[in-house]
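Asks: Listed below, chain by chain, are the residues.
There are 2 protein chains.
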Amino acid sequence: MPLLSPEAPPRHVLAIDIGGTKLAVGIVSSRGEIADSARTPTHVEFGPDVVLSRIVGLSRDLLRRHPVAVDMIGVGCGGPLDTGRGLVKNPPNLPGWNDYPLVQHLQDALGLRVALDNDANAAALAEFHFGAGRGTRHMVYFTISTGIGGGLILNGDLYRGKFGNAGEIGHVQVEYDGEPCNCGGRGCLEHYASGTGIARRARKLAERYPDSLLNTLAEHSGEITAHTVKAALEANDSATVDFWAETIEMLAAGVASVVHAFDPERVVIGGGISKFGDLLFEPLRSRVKARTMPPLMEGVDIVPASCADDVGVLGAAAVALGGQTMVVS
Amino acid sequence: MPLLSPEAPPRHVLAIDIGGTKLAVGIVSSRGEIADSARTPTHVEFGPDVVLSRIVGLSRDLLRRHPVAVDMIGVGCGGPLDTGRGLVKNPPNLPGWNDYPLVQHLQDALGLRVALDNDANAAALAEFHFGAGRGTRHMVYFTISTGIGGGLILNGDLYRGKFGNAGEIGHVQVEYDGEPCNCGGRGCLEHYASGTGIARRARKLAERYPDSLLNTLAEHSGEITAHTVKAALEANDSATVDFWAETIEMLAAGVASVVHAFDPERVVIGGGISKFGDLLFEPLRSRVKARTMPPLMEGVDIVPASCADDVGVLGAAAVALGGQTMVVS
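Protein sequence lines correspond, in order, to chains P and H.
Using the UniProt record's numbering, the letters of the first sequence map in sequence onto residues 1 to 329.
Using the UniProt record's numbering, the letters of the second sequence map in sequence onto residues 1 to 329.
Just chain P, with the same shape it has in the complex:
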């Protein structure tokens, strides 16, 4: 479902992406063109009012430089949120934002309607409208970075569930008697296969195999991250190859579970771990296919996200343009 018919002149919206480390603001057309944008560190340590005033300043600069008709503001922000009331509720990456009335403040300062959604839903909308999910009606988006989040496009619309929390597919539980996860669950995909989970498991592996290249790389750099795993994997370190096969199996169990539940046309995977590229996508496609009923697997693609570093701004724009979100008018 295109946001506007191809013939119609494009609308423009102001897109605001609020992350724990950086802010991005852009003017984006309904065709997904970024007319202009600005980025700056968030400096969460100064609290929400200071961050808000910097967002407002950046926004006014952009609006002054680009006097196109901007009719709305879209915001993507780390959750949890109360989208019904336009509040930011204690996100782990935005300390001090306790029921912060972001929508009301932005509307008062900038005089435009504001639509708000969480960053994973915003990214799913970005991929659906402007990226790797274009042309589908049923798309599941995974973001695999520090954690694992998701967003669901069902029947051409973002699906939110009862309280707007649908799509927590990082907490699909791939080991019923597994390790405890921060969420309260056990054996969650995020606990094992997020960037954090991969690094934690890799640290144990390096201890167990002190002669492995993984451990050598770790001793050299003083730490193990997902990057260390990627480097050891590219050098064909045998302990790391086995470790990665197990990680792929965990991810494949999670993706196959989601495919059985949703029968999507496409699974789009973004986030830092998607930069493993073919090391991730080739074995994952093969293992998901092996683990999924044939009629469900037919014609489902597992593809990398394509909005890249613009996903935050494009996602915030898509929240305004296409999300069925809270709108203060």
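Honestly, the hints are just simulated from the structure, not real lab data.
None of the values given here were measured: they were computed from a predicted structure.
Each hint should be verified, as a subset may be incorrect.
Stated by the list, open to error - Per the computed footprint, the stretches of chain P lying under chain H, defined by three or more beta-carbons under 8 Å from a beta-carbon of chain H, are:
no., stretch
1, 178–192
2, 196–203
What the hints assert, rightly or not - Below, simulated EDC-like cross-link-like pairs (lysine to aspartate or glutamate); rule was C-alpha separation at most 20 Å, straight line:
no., chain 1, residue 1, chain 2, residue 2
3, H, Lys289, P, Asp177
4, H, Lys289, H, Asp278
5, P, Lys289, H, Asp177
6, P, Lys89, H, Asp177
Think of the CB as a built atom: it goes at the ideal place given N, C-alpha and C, for glycine as much as any other residue.
Starting from the known structure of chain P, fit chain H onto it as the hints suggest.
Replies: Positioned in the frame of chain P, the structure of chain H alone reads:
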């Protein structure tokens, strides 16, 4: 979403439930009242044409006895189906139904429009419109019997996915390195916690604990089924109590995964295993709650299905009345 406003006079439909062991036909109002119904063994051994002619005979008898205006036929049938073309495609419980054009044959014989859906989707619609899911907009239905199937009501409608196969939530994979399942996957919930899975695992348990009450009951009756497990559990057999706790953990991982994905208001559980009653529902509620993020768990009920033995006929009726299904006009 009620099928009709309470004031409107009810519509009536002919409901046909085709199972591997029995057929049921009924005249059902849009308020879920069964005006009349008939049941008979399916006798699959005679093949689809004979089964069809018996369905048509039963239907004509009912329509003659109850001359209300019946405007449509709804059919629930074991899948796989091709609902787009009205075909039954080789269901395991209906041998010989190879691309059988059920919709066309029924329409030709009875002269009414026909809507067809699989039995799990039909049961989900029955619970949503007439049973334990009434009043919700987001409901997940599990049926735990020989296998584990499901149906998804999202935003007040049955969700079908790309090819109509959404809701295969028996194949959520709760053990990434688990045993192979018939579906091709590994560690599927159905493999462990369906009636068949429970009986298979219980047979191993009885071998391991020859002094257990479970084994004594098994030797007495000559077999182990889910009923044997229930009897041993009610007598507090310690091996069976531990076995059941593990089964609950598997089910809780599956239900928690589905709750994280869909953020439903209610999870409705039907099928033979739901007759374990409080032995199932009390520990399952507690373990799903423990395994689920608080905002997702708030206000989600896990309840038994309530359509009981009428679920087949009510489901077939709901397919005609409320399903977004294939309609040959």
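Asks: None of the hints should be skipped; say for each whether it holds.
Replies: Do the hints match the structure? See the list:
Coverage of the stretch 178–192 of chain P by chain H holds in this model, with 5 residues showing a Cβ closer than 8 Å to a Cβ of that chain against a need of three. Taking a C-beta to C-beta cut-off of 8 Å, the stretch 196–203 of chain P contributes 0 residues in contact with chain H, too few for the three needed, and the coverage statement is violated. Pair hint Lys289 (chain H) plus Asp177 (chain P) holds up; C-alpha atoms about 15 Å apart against a cutoff of 20 Å. Between Lys289 (chain H) and Asp278 (chain H) the alpha-carbon distance is near 16 Å, which keeps this suggested pair within the 20 Å criterion.
Pair hint Lys289 (chain P) plus Asp177 (chain H) holds up; C-alpha atoms about 15 Å apart against a cutoff of 20 Å. The straight-line distance between the Cα atoms of Lys89 (chain P) and Asp177 (chain H) is roughly 37 Å, outside the 20 Å bound, and the hint therefore fails.
Hint check: violations occur at hints 2 and 6; the rest are consistent with the structure.
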